[in-house]
Amino acid sequence: MSFLAVSLLGLAALDQTKALAADPVWERIQPNLLRLDSGGVTLGHAVLIDPKGLFLAARSSVSTPTIVGWAGPTRPVTLVVVATDETTQMLLLKSEDWVPQANSGTRILAQIEPGARLIVATPNGPVRAEFVSADRIGVVRPSLRYTPLAEIRLESAVGPVGGSPVFTETGGLAGVLGATLIGERASLAPSAGQPMKAAAEADSAATALYGPQGMTVAYALSPAVLQRVVLGFLSADHKVRHPSIGVFFKAATEGVLLEAVMPDSPAARAGLKAGEVIVSANGQAVRTPVEFARLLFGSAVGDKLQLRIRSGKTEREVEVIVGVQDSDS
Amino acid sequence: MRIDRHLVAAFELSDAEFEALLCSMPEKERGQALEARRLKAGLRELRETPECQLTTEHLRRAVLESGMKRPAPWPWAWGWALAPVAMVGAWLSLNRSEPQLEKTSVPMVASDSGPSERIAMAESDRAPAVEATPAAAVQPVVAGLEGPKAERRPGSQSALARRTERSRSLGAQPPNKSLILAKWTSHDDSDWSAPVRFDSPAPIEREAGSSPEPVVVIVTESPDPSTGGHQAVEVSRQADVVFGG
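Taken in order, these protein sequences are the chains called A and B. Counting along the first sequence from 1, when you hit position 301 you're at 301 in our numbering, and nothing is skipped either side. Counting along the second sequence from 1, when you hit position 87 you're at 1087 in our numbering, and nothing is skipped either side.
Treat the hints with caution; some may be incorrect.
[As the list claims (entries may be wrong)] With a straight-line Cα cutoff of 20 Å, these simulated SDA-like cross-link-like pairs (lysine to any residue) come out:
(1) Lys250(A) x Glu1017(B)
(2) Lys52(A) x Gly115(A)
(3) Lys250(A) x Arg1237(B)
(4) Lys250(A) x Asp1240(B)
[Said to hold, decoys possible] Chain B is nowhere near these chain A residues, computed Cβ spacing over 12 Å in every case:
(5) Val41
(6) Thr78
(7) Gln111
(8) Gln227
(9) Ser235
Since the hints were derived computationally from the structure, they do not count as laboratory data. We put the beta carbon where it would ideally sit given N, CA and C, even for glycine.
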């Protein structure tokens, strides 16, 4: 019985991929994609962002500094990694032998409405998805930076989706899938203990029995971050400039507590120290770390932040000039 | 430098790899490596920082700030001395609050399905009794029973929870109606007469950031072999998360 169900689901997924492969939107998207293979296995796709031969890809799709991409089944294109954005784990690839084609290049969308229908270019072929939200609060390791994430939901288990570019039905690039949610529901409530785990197990057993099977929740950079990355990659030095003052912080009773201040960072130069508390920024009270992270993310390199700092029982005002995160290469 | 090496070994290696490394170490270094490993365990027990955010940086800072010394046993000894007093206090407070609990609580059914099952029984079988009870009196009892689920608001609901609900809304036959009832009633605990909505879309539209503590998604460095992407973990307590910027 279960074998029959799995077979039917597999066939349904195959049908969806076949149907999408003949979709006019997909036909328009395909010339801007290169399939990235390694050892005969497709790891992902690179998206053309500049008709001169500059491509965007997720780091997880690229195994070596030089890689062969495939435009269609027979046309190999040699790609070299030109730049890496450590914060977002995105790569800029360049092809010296790329022949520009008419109407090529991908539009990067600035805004996507929740509920929009999407097409995900997975290694196994195009798959439909839905845009859920553009402002999930994301923290990306290893940098621990706050990064707004776009949540994208695929209605079936589609296998490998990491590094897959996502397009809207107008053919614009909505993001590149970088992560998928793992199913550790118990981790949401570590204090709940065994009863919560039992409930979660009952839930997953129910889903396994009655279906539908395997919805995938995936995350991509939000459109605002993606635009910043692409603009940085297309600049003269191919560098993405994420604003930073060089601090690590977490929630405090009031304001945010500085866990660490990086040496020689703008924050260190302004005299901030670990253990101090940021009470307000630019005259506005800082209540949660997310508020402060959003403020930092929204500022531009060179902006001045007026911070009110509490150290013990004393408070002082400091001015910090927003710099560039230096972990990117 | 040696301490750094121990930290990396203590933090990054699996148990088997660490054991193998210990065997190849001189006696003196072995002690330091074991202390570093104990610190890692200690950090995990603190639960201040989600597991996926524990880094060698945290460990290094812990070592630099407190040294590699085992905590003195004295504070614990005092703690044990206070334990009988705490037990007497707890017994007294339980005795005092018992009549109130009996008045407001709903009948419990022993179940393996966890707290959700109990609340569902209260909803479906004893609705008149619940209606007769003031909402203010019922609310804490429900919150206490359901734990974190009862605190959930539409804006802070995790993608994982939505995924489960969405799966059901797509036509899944619920194996146990009471479980579903509990899930939907948890959206609005005060509205006990609200109908169960199986066909409701996932609450995407209702999410627009009014939640006091939204879920944080941490994208880890660990690759997910089944998808080829990184693993993302949801953390419901923003206070536990360290942000960089």
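Checklist line | Non-conforming hints, listed in increasing numerical order | finding: 1, 2, 5
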